[in-house]
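S.K.: Chains P and U are the protein sequences, given in the same order.
FYI, the numbering for the first sequence is 1 to 564, going by my numbering.
FYI, the numbering for the second sequence is 1001 to 1214, going by my numbering.
Think of the hints as simulated: they come from the structure by calculation, not from any bench.
Beta carbons: idealized from backbone N, C-alpha and C, even for Gly.
Warning: the hint list may mix true and false statements.
Claimed, not checked - Among chain P residues calculated to face chain U with C-beta under 10 Å, some are:
#1 W9
#2 A113
#3 T116
#4 L120
#5 F121
#6 D128
#7 T162
#8 S170
#9 I171
#10 G173
#11 T175
#12 I184
#13 I187
#14 T188
#15 M191
#16 F350
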Amino acid sequence: MGNWVVNHWFPALVIAAWLGINVFLFVYYFLMFDMDEKFYYTREILGSALAWARASAKCLNFNSMLILLPVCRNLLSFLRGTCSLCRRTMRKQLDHNLTFHKLLAYMLAIMTAVHTIAHLFNLERYNDSQQAADGSLSSVLSDLHQDGSDKWLNPIHSNSTTPAYVTFTSIPGLTGVIITVALILMITSSMEFIRRSYFEVFWYTHHLFIIYFAGLVIHGIAGLVRGQTEESLKKYSPQHCAQYLVYRDGRSTHHHCKEPEFGGIPAESWKWVLAPILLYVFERVLRFWRSRQRVVITKVVMHPSKVLELQMHKKGFNMEVGQYIFINCPSISVLEWHPFTLTSAPEDNFFSVHIRAAGDWTENIIDAFQQQKPKIPRIEVDGPFGTASEDVFQYEVAMLIGAGIGVTPFASVLKSIWYKFQQADQSLKTKKIYFYWLCRDTGAFAWFNDLLASLEQEMEESGKADFLNYRLFLTGWNNSIAGHAVLNFDTVTDVVTGLKQKTSFGRPMWNNEFSAVATAHPKSVVGVFLCGPEALAKSLQKCCHQYSMLDPRKVKFYFNKENF
Amino acid sequence: MRPAPLPASVGLRPRPRQEEGCVRCTWPRRGPRRARGRVLRRPQARPGASASPLTPRALPAVLVAGGIVAVVGQFKGWQFAAYSIAAGVLICLLEYPRGRRKKGSTMERWGQKYLTAVVKVFGLLTRNYYIRAILHAALAVPAGFLLATILGTACLGIASVIYLLAAVRGEEWQPIEQKPQERSQVWTTIKQPPAAAEGAVPAPAPAPAPALAE
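If we strip away everything but chain P, and leave its shape as in the complex, we get:
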């Protein structure tokens, strides 16, 4: 529990603050509309549905204001860069921007539901009181000021209409329906299943947010939510005058109460969302401008199993370990941007990505580079984004565990560590690395294989062969692979990978690994870094606790969660 608090206090704080503000806004405005004298007559007709609608509207405004901010990735990068003095745990939360965006979307959905249901009741009640002729206060109020002045209370002025008709012939009604449908479409097309399998559907449907924000700003213009005007309230307070409205006979002349006058609440959504909209527009313009910067492709390598490596160069591009970029290829699709982890080290004089065929866009780009007709397609790059993983260099001993596709950021890390080691960089505290690579089959990662092989060779040449100790675990083995490996047990290089280090089959036994590392480095601080599934994270965390000694002079394992 204590561990959880230490790792998660900042996001918990942010979420608590956000929820707190929502609750405060809801309760404050609910009470205001439910108890303020100004809305006494409005409540006569609508009951508490007025307060529900208005309170949820405030929350909708607040969340609509916030929802554009987490997707301004350039703004977030800027914040990350300027807040370098802040603790790294706080800056790392900027990586969870999409989670926050989804949380805001869920809140928007809930508040929209509340708001819509409350207004359904409001319209029904307005209609009923307009059509009622029983002399009740609500029907009297509905008949007031129906002469063309702007002082009416009930927005429905006809006796023979339906709420549906009123909805579609009034600005708030029509915009409300349109933006609700837009919101429903946006949310339903963002389900994970659709994002993974039909990304284009998600991407294009999500641009309905433009309609959502336009509708939101226009939604309150008509001022259909009415309260008594200040003047009228001062002179003819409802406490005194309400009763006289109902008795429309001669007795009502001896008091000073006249008919109350009403005015609409001005539209205020624009005040909430104007700044974020401008920031987002600026963000898109910035993305566009950055994408126009020329990207020079210095090398194209086709690896086995349809993996394309692109080495590129762009003016002013500075990357750090563990970051990612967005790539766009106008000749394939003008509007699609896809993220890829950088596989080169900052010390390289180029930056590279490895693109594997896993869908239409990636297959098209691989084909385009293979054929190169008429020439190499143009590439646009935006980035780099993401929190850098500098922690890797701070530990004397580092255990890096990459599972399956999670091995890609380690390409960057390993290369960078090697460069720093070669140059005897003072910021590098690492003296020994244990690298564990778990995957089902090495087919698509043959390029990583080559990287390890070249690192192996370079280390031998420099006489530092024991700097990097790596183990490969093939979890998708079968009879024939195992039999083959067993028969070739005595050969110098491994049959599967060609590396000096032998491949193991099945999953690693972490207890053995951790105890071996603890025995080899009894006095060090070991950093454990994982890029892989949650279940593996749990078992590694357990091992870290188990094998860390309480004595601060002895070995300690620190598990770094979600570093990539």
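Based on the hints, put chain U in the right spot on chain P.
M.R.: Just chain U now, with coordinates in the frame of chain P:
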């Protein structure tokens, strides 16, 4: 010659194969959504992908919710709302079983197989997407008469258009059937040494154990 024993650190637990197209195969789930050298999000519809998941269960749920509000509030014309609840529930049940993709395998929704059996019974009526499109459109119309359920009408209308487009592309609903998984009994066979093949040199007699020093 007997093969040397495998190193002790190998964990010989056989691992069931994960389904192809399993959406759990990319990590981290909670971390930043970016590709590790490949695209996490597959951009366009893969050939053989079906339209059924594009009509999420949320769309008929809007109809049901609107109906409930109108019935509870006893709005004028609440009978349309009662109808909407029934129609919405029917469509939810129809939509629940996910259709099988033409290529690759599809994840089943929880508890789907019971409804799959029911939906299969109706044969062409539920399989064909043209009929589904017409059904959605037809069921949507009465709900359009009441404000509370008009959103539901819009949503069902959109679902109807999606089915129409899918039908034009020639898709239809196929039930997901479980294939019996063959568990390879790897660990039993690996204990047996390979049988000598025909014509192979017979294994040499094992070397005598070294004499113990007295």
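S.K.: Compare the structure with each hint and give your call.
M.R.: So, going through the hints one by one against the coordinates:
| no. | hint | result |
| --- | --- | --- |
| 1 | W9 | 17 Å, violated |
| 2 | A113 | 7 Å, holds |
| 3 | T116 | 7 Å, holds |
| 4 | L120 | 5 Å, holds |
| 5 | F121 | 6 Å, holds |
| 6 | D128 | 8 Å, holds |
| 7 | T162 | 7 Å, holds |
| 8 | S170 | 12 Å, violated |
| 9 | I171 | 16 Å, violated |
| 10 | G173 | 9 Å, holds |
| 11 | T175 | 14 Å, violated |
| 12 | I184 | 6 Å, holds |
| 13 | I187 | 7 Å, holds |
| 14 | T188 | 4 Å, holds |
| 15 | M191 | 6 Å, holds |
| 16 | F350 | 16 Å, violated |
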